[in-house]
Amino acid sequence: MAAALALLYKGSALWLSPRAHAAPMVGAVVRSSLQSPTTDQVSMSSSYNTILGTDTANTLLGSSGADSIVALAGDDSVILGTSVNGDIVNLGDGNDQIQFIIDGTSTSVAGGNGNDSLFLTVGLTSSTISGG
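In the working numbering, each residue carries its 1-based index in the sequence shown increased by 73.
No lab work stands behind these hints, which were simulated from the structure alone.
Note that beta-carbon positions come from the ideal geometry of N, C-alpha and C, so glycine has one too.
Incorrect hints may appear among the rest.
What follows is a set of in silico ranges between Cβ atoms, one per label pair, in the way DEER data are often shown [to be verified]:
| id | residue 1 | residue 2 | range |
| --- | --- | --- | --- |
| 1 | G138 | N168 | 25 to 31 Å |
| 2 | L134 | G196 | 28 to 34 Å |
| 3 | D176 | T129 | 18 to 24 Å |
| 4 | A130 | S199 | 27 to 33 Å |
| 5 | L134 | T198 | 20 to 26 Å |
| 6 | S199 | T127 | 28 to 34 Å |
| 7 | D176 | D128 | 27 to 33 Å |
| 8 | I175 | T129 | 14 to 20 Å |
With the hints as constraints, model all of the structure from the sequences given.
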């Protein structure tokens, strides 16, 4: 099994920690208030597939194109794996998790209130991850 890296955000610092396996990292990301990324910071697509969750727990799957995913409140799971290029993800409130199954480029992830988990066992290039 390939080693995975855990990306931990605490305070104003990001930490990469090698992990022997991609076990769930419940509550591993502690977030503080940061401004969401702007289009100047990350190169984004001009056309998106909009995927909108509800105010309860959802499992949201990314599509084959550039996605704009808004999870809303609830303990949501977002899985990005058919194409992760130029995706924008807003996790909303709740104890959410996001998982990247394939390499991604120019992706933006913004957390909300709650403890969010990031499962990252692939490359993520020119991307932004921010807390809520």
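- Which hint numbers doesn't this structure obey? Violated hints: 2, 3 and 8; rest satisfied.
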